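> Since each chain comes alone in its own frame, lean on the hints to assemble the complex.
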Amino acid sequence: MGASAQRADVREGDNQLVVKGVSKRFGGVTAVQDVSLEVPRGSIVSIIGPNGAGKTSLLNMISGFYKPDTGQVILEGQDITQKKPSDVAALGIARTFQNIALFSGLTVLDNLMLGRHVLMKSGVLSSVIYWGMAQKEDIAHREAVEEIIEFLKLQDLRKQPTSALAYGLRKRVELGRALASEPKVLLLDEPMGGMNQDEKEDMARYVLDVNQERGVTVVLIEHDMGVVMDISDRVVVLDRGRGIAVGTPEEVQRNPKVVEAYLGKSKGGGGA
Amino acid sequence: MFHRESGIFKTTYSADMALYPLPIAKWTVAILALIFVVIVPLTVHEYYLSILNLIFIAVVGALGLNILVGYTGQISIGHAAFMSVGAYTAANLAVRLDLPFWITLPAGGLMAAAIGVVVGMPSLRIKGLYLAIATLAGQLIIEWTINHVPAISGGAQASIQVERPSLFGVSFNTQGHLYFFLLFFAVLAIVATLNLVRSRIGRAFVAVRDQDIAAEIIGIDIYRYKLLAFAISSFYAGVCGVLYTYYFGIANYEQFQLIVSIDYLAMIIIGGLGSVLGSILGAVFVTLLPIVIRILMENVGSLFFTTAEMANVISGLRLGVFGGLIIFFLIVEPEGLNRLWRNIRSYFRVWPFSY
Ligand SMILES: Nc1ncnc2c1ncn2[C@@H]1O[C@H](COP(=O)(O)OP(=O)(O)OP(=O)(O)O)[C@@H](O)[C@H]1O
Ligand SMILES: [Mg+2]
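From first to last, the protein sequence lines stand for chains A and B. Just so you know, we're using our numbering here: the first sequence kicks off at 1 and counts up by one. Just so you know, we're using our numbering here: the second sequence kicks off at 1 and counts up by one.
Among the hints, erroneous ones may be present.
Said to hold, decoys possible - Examples of chain A residues lying across from chain B (beta carbon under 10 Å, computed):
| hint | residue |
| --- | --- |
| 1 | Ser86 |
| 2 | Arg116 |
| 3 | Met120 |
As the list claims (entries may be wrong) - Here are the simulated EDC-like cross-link-like pairs (lysine to aspartate or glutamate), alpha carbons at most 20 Å apart as the crow flies:
| hint | chain 1 | residue 1 | chain 2 | residue 2 |
| --- | --- | --- | --- | --- |
| 4 | A | Lys84 | B | Asp212 |
| 5 | A | Lys159 | B | Asp16 |
| 6 | A | Lys83 | B | Asp221 |
| 7 | A | Lys136 | A | Asp156 |
| 8 | A | Lys159 | B | Asp210 |
Said to hold, decoys possible - Away from chain B, derived, C-beta distances all over 10 Å, residues of chain A:
| hint | residue |
| --- | --- |
| 9 | Gly21 |
| 10 | Gly28 |
| 11 | Lys67 |
| 12 | Thr70 |
| 13 | Gln135 |
| 14 | Arg142 |
| 15 | Lys184 |
| 16 | Gly193 |
| 17 | His223 |
| 18 | Ile244 |
| 19 | Val246 |
| 20 | Glu250 |
| 21 | Glu260 |
If you are wondering where the hints come from, they were derived from the structure by calculation, not from laboratory data. Quantities reported herein were computed from a predicted structural model and do not represent experimental measurements. C-beta atoms are modelled at their ideal positions from N, C-alpha and C, and glycine is treated no differently.
So here's chain B without its partners, still in its complex pose (with noise of 0.2 Å):
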């Protein structure tokens, strides 16, 4: 993604417009599917794929957040619940009819997205903070009826065991084997994101965010914008769960709990707003923040606290390292990990001339 432009000239709309505008960006491209798609499964050991999996996922719930909040300007604190829709939709599926993961993501994906719209109904009159406490109010009933209704969710324990995934005749049973699954829904859902914000369904969500007024006359109704908004981002939600689902080879209630949302709101703040790159990036420090800081504390933690307590300690870090951030990046940075990214890229840009 180093991108070097000067002295090229485009000459077409259609190279204009090119996902990849710069010769070089294929490169890029090239030389990152080598890595993700030979190198890393070959020389990567499998408890590290098994953490590069979980980012996969968290890309594609971060990826669907940000095109709700920071293409559209709307706001979600139920998306953990979209996810358990999701979740326990192809867990269902899957056990009850065992359909495959083709038909049950994609079903996954559509539950929630439903789901999302009719939480997402009260976009229509009310916004910000307001908004956020509708959506909060969906994740908690949603959690509730989850967890007091057997029929969805499999009984007392409220989790749904699954197979994993197979596709024909393969299963992929090992966290090397759930990697390529992973990486290609990943991919999938950066490059329809991509897609999708570049087109004129794009547009028109950052009209509603930046401008209702004018959105509207100019012809973009914005009501049904808002909720096709809500729509596709459960439906990555859904996916998102899905997914969980398999990795970890059970639908549970305790994975989608109103934490995971202010996980994933994290994920987009850190990462970026209205940026794929800054989900990506979000989705990779949130997922990695609590592993490192395990990983120092059971390091230089042990010389100060007990086995007992560093449990405690561990979660208490994480918490406050995390709304730090949070809070930095809401008032020192607001774009993001993206914008620290681009300014260290424009600053390689036209290096070795810095002015």
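Looking at chain A on its own, in the form it has when it is part of the complex (with noise of 0.2 Å):
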């Protein structure tokens, strides 16, 4: 699979996101001490590190759910450190969760629906109305929803509620749901975590397709090395709420920090 080699699409230097000397701390924890991480346009960046490293404190931040006590995230050269996260949404970062939020009351397909809201317009008075407008506007985007369904092999399920599915296809769905904004950059905390292998092999695979059929540039946290050293064009590792290496799988792997970081603790999460 696509190692870094193959990527001549990815072009170092071009970075879309940018997040500089980050920090956080929760009464007296640190949850995330002066990271910084440089994604490059198309590329795909796993985010690793031991439990309670900071990875998904670090993802918050992107996204606009917590505000850094120090350092700045920058995307396309745009700050965005203090925006909300629906903004943030709006300016093109999707994301998954680590435990599923989805819309439990709501349809498979409604949930994908929404996840276009920010590309919709339809208001109050026209919603009413319906006819006309806004029902134009909900065909047109639900052909759009329609083919992320086909990609994600999800047609049986469009009518069914989403509390009702099996855990796997529950993360198969918060995916479409995410890649149903179109977005440009796209944040994925743990997509594989919690299934089985079978399952965990189409998943890789989807966030593969994503990336270079739709061009949409991934950061990836994830456990499971094997997936990780797989598809990565870059891996930051995260210790206890620090950056302790970045580089290509190969170079991280062989670096002793992250050899130690890993051994040196009970839970290694998935093994290297």
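Listed below in structure tokens is the structure:
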């Protein structure tokens, strides 16, 4: 699969997303300490690290849920550090959650349609009247959503409420909802967590396709080292809130600090 | 509304998304239209028309409250006060400026929406019980204000008489005439709500209700949508208040006290939260309940109670039955009458092949 050698489309130096020296403290706990991250356009960058290393906190700062105590988040040259999550989404950053956060009362179809919320315009009045503008808009966006449904092989589940789906499928629907917004950058927080081997392979395939066929830049948090080493262009390692290594999968695997961080702990999080 | 869907496949997205996805549903609508527009007004006695009229008004208010509570997951115990805002706005405009209903009605709705947004402001920071208390405060403050500011309430009685609405010189001054007037607005409210909840805005409301964090991450500004839900919901309440005013021929604060807010919450809980049909069923049920109890008691109760006692017994019984039903639906059937209806329907849908 696509190690960095094959990735001619990833241009070094063209960083779509840049995180500069962000820190975040919660009371006495330092979740993230002076971490920087460069995400080249069109790349897959993975963030790894033991439990509690601060991976999710870093993602939360990118997507606007946490305001960093220090540092900056920059998307395509624009400082988005202080923006609300909904505004960050509108600028083209989509994400999934470590603990799936779907709209359980709605169908798969409606969840995906909601993914296109920022791309749609209908206000209250045209919604209430519906026939005409709002309906036209709904149909146009429904077509885009159907394409994603096909891509993720969710055809049979369209009208199912998401609460009725198996865990692995819910993760897939959440990926679909994120894709529906046609993001520039996709943040995935452990998309393969809790899956069996087959499901993991499917998900890895989808992530690669999203990246290569749809040209979406991906930032991935994942514990499964096999998958990470297979699909990443670049790997960033966090340990106790600090960035301890950056590089290609091969470089990182050889880094003694990384080996120590993983072997020195009882919780290794997926074998290397 | 008896759907029979076996063997029907939809081939276009617009057909799949239609309000009445099945051909048979169109017939249902046509039959309902025939019943309500032709048969009922020709055959039903004036007294029963007046009850239907009350139901039509309640449908408007219940739909509005359900948008806020059932679809968006917020709560309001101040809806009766929003109705009174609509009622007094319309009454003042009608009496002082002699404006027709097609101006006073939206004006009452808009004024209620504005006040509703203010009362809903705390929803940005607090949820659940705390929000309930905040809106309760809103209810009491509005009640007090209307009662104590003669400029709004029209003086000592705190009530303003208005003339019945008229259109092209025809006045709706009998229950039979009001029937068409109110039926029109009930249907308008039903169609508007059906459209709203299946559109982008309605989906966003449900997203805020189900998963506020995920709602934000897909670009929904939660605060804006909570306030929008308060605005829309209060608009319905305001219109509902204006309709009451025209129905009774008077705007009177006593019709919009706290107990009425509770009645409307009961409608959507009993009918079914987050359901248009549930709002309608709830409005029918809660409007009919006291009437049925009264008729029963007048016939049966007179054996046990004197006429003087009767009024107390009836109102006590009404409260008791009400409370019991709310508790029953909250605990046993949170989806309300709507769910019971669906169960019956899905039984007949595959009938006679019941498994
Ligand atoms: N909102 C919060 N309030 C308090 N502490 C927090 C908060 N979010 C994160 N933390 C703390 O910050 C540290 C890093 O947590 P984080 O969830 O970012 O780790 P992680 O690398 O994603 O771990 P995992 O692999 O288990 O998902 C932990 O000690 C956690 O308890
Ligand atoms: Mg995490």
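> Looking back at the hints listed earlier, which ones does the structure fail to meet?
Going through the list in order, the structure violates hints 7, 13 and 14 and respects the others.
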